[in-house]
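*Asks:* Note that the protein sequences, when read in sequence, are chains D and A.
Counting with the working numbering, you get residues 11 to 490 for the letters of the first sequence.
Counting with the working numbering, you get residues 173 to 271 for the letters of the second sequence.
Among the hints, a few may not be true.
Claimed, not checked - Only pairs whose alpha carbons sit at most 25 Å apart, straight line, appear in this in silico DSS-like list of lysine-lysine:
1) D/K343 to A/K250
2) A/K241 to D/K99
3) D/K400 to A/K241
4) A/K241 to D/K343
5) D/K400 to D/K343
Calculated from the structure, these hints are not laboratory results.
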Amino acid sequence: MLESWPALPLLIGAVLVAFSRGPVRALVMLAAPLAGAWGVYQLEPGTVIEFQMMGLQLTPVRVDALSILFGYLFHLAAFIGVIYSLHLKDPMQDVAALAYAGSAVGAVFAGDLLTLFVFWELLAVTSVFLVLARRSERSLATGMRYLVMQVGSGVLLLAGAIWYASAGNGLGFDYIGLDAPGGWLIFLAFGIKAAFPLLHGWLTDAYPEATPTGTVFLTGFTTKVAIYSLARGFPGTELLVPIGTLMTCFPIFFAVIENDLRRVLAYSMINQLGFMVVGIGIGTQLALNGAVAHAFNDVIFKGLLMMSMGAVLHVTGEMRGSELGGLYKKMPKTAILCMVGAASISAFPLFSGFVSKSMVVAAAIQEGHTVVWLALLFASAGVFHHAGIKIPFFAFFAHDSRHVASPSMPPTCWRRCSFWPCRRWPSPGSSWPTSIRRSSSQCTWMWTGCIAAWHRKRCARRWPGLPRSTKPCARRAWGW
Amino acid sequence: MSDDKQKTYLFDNPRNVRRVVVALVAACVILAGLDLVVHRHVSHPWEAMFGFYAVYGFVACVLLVLLAKEMRKLLIRKEDYYDEAPPTDNPPSGEDPGA
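Chain D extracted, bound-state conformation:
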């Protein structure tokens, strides 16, 4: 029974990662989402795993088209996130990331509210470590605030589920609706995780404070589980239309005046969630498909934007738009990839966002929601303004910041693409040899002679200023 549980590979992977190091850890991290996706592929729609526990009928696995789609999405997000974070040597983040992804998969395959609650809380407990991993006073305070909101959401869900079940509805997680006993509590629990207006503070507070890699994982799971849950429990709920419309419109004003670029993306995320919530609220086939498609796309393009900003933070140690600029000169590939994400979130034709966002907007017109349609158009223009233009412009263009004038450094994206072993490029004030020496241990397993030879030529050509008079071990690490 358990062997067909889709969350199992990721959760086992998280345990194995805790006890492995070096190449084994990297292999486990890459293999876990692949094995999980293979498991989802093997699942037949309609499969249900049930058992009785303490007189309760539990359904840990319920497979249908909606859960399969989100299952694939979460494994894809986990795999991309793992590749992005392979350079880390931080078991806490690795374990948290895989367990977090596993919790999300467990939640979308949950067929009853109790199982959903367990994974709902696991999502909170695992994801908070991605914020705490920043290991600063600021991240500790943020993490605690985040945890309070997330656990609070779980408590509301549990209370609602008990009320719902005690009224004779059973624990099955299907259409709930606001009129059901406990429906409002469950709705509120979903609303906190979906960042409804006035319940959204945790998102813009915590996501920009997480580690560069942690934010990429955070972007993919919590809010999307909430969207899945709303689509499952409250499709066609009229109230979701004004709530979603508000979610699309109010964050864009804050995003325009925000200086921290990852916080701009966090506001933009609420804006995108708004489109999904509107789609679920309208509840027609086109709207629901649009909402789910947009959730899928959002994980990809918001993940890409968060990755590009994470790369900027990783290289410069800075995320304030006022202190960045001109980085296209040092990180051209990151700049191009960021603009791909920006075009997609702005619903530029031929990019993914264009299709899914248009589905929701078209559904709004078809159902006669003229004001909602105009608001969604306004919000689309707004997201183009702050995520499409502001993010790439302030980070990569505008004026040349001090980071452009710093000693030459290879673009982060290049290092990632080429499995660059150095853990952290030295900041302008630090010395080269220390960083290089520390990278040597990773080199022993990642370097092949072929790549090293190619890399040596490339480095010599592109960064002639690299120090050569370092210790022999450091030179070996570089392949010099």
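Starting from the structure of chain D, add chain A where the hints point.
*Replies:* The following block gives chain A in isolation, referenced to the frame of chain D:
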């Protein structure tokens, strides 16, 4: 290092910036012009108006900035408002702070 200072990048040349601006304006004009030629599958009568999306998008962006500027007066706070350090001065974790 010195190599970087000497190197001229794409947008260091004002002519290239001007070319991008001209290309974008040309794309806008062409797309607006296509409104007259291309058949659009409208679902709402306003969509059939010439240049509706272009004008609406432009007005929306301008309004957004103007309103946000007013909001800034009300909401703006110093970075250390909560007695915390600036947001991104910490070294990214999982990396080597001492590196």
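*Asks:* Hint by hint, note whether the structure agrees.
*Replies:* Results of checking the hints against the structure:
1. D/K343 to A/K250: Violated, at roughly 33 Å.
2. A/K241 to D/K99: Distance ~43 Å between A/K241 and D/K99 Cα, so the pair is violated.
3. D/K400 to A/K241: holds, 15 Å
4. A/K241 to D/K343: violated, 33 Å
5. D/K400 to D/K343: holds, 18 Å
Of the numbered hints given earlier, the model fails hints 1, 2, 4; all others are met.
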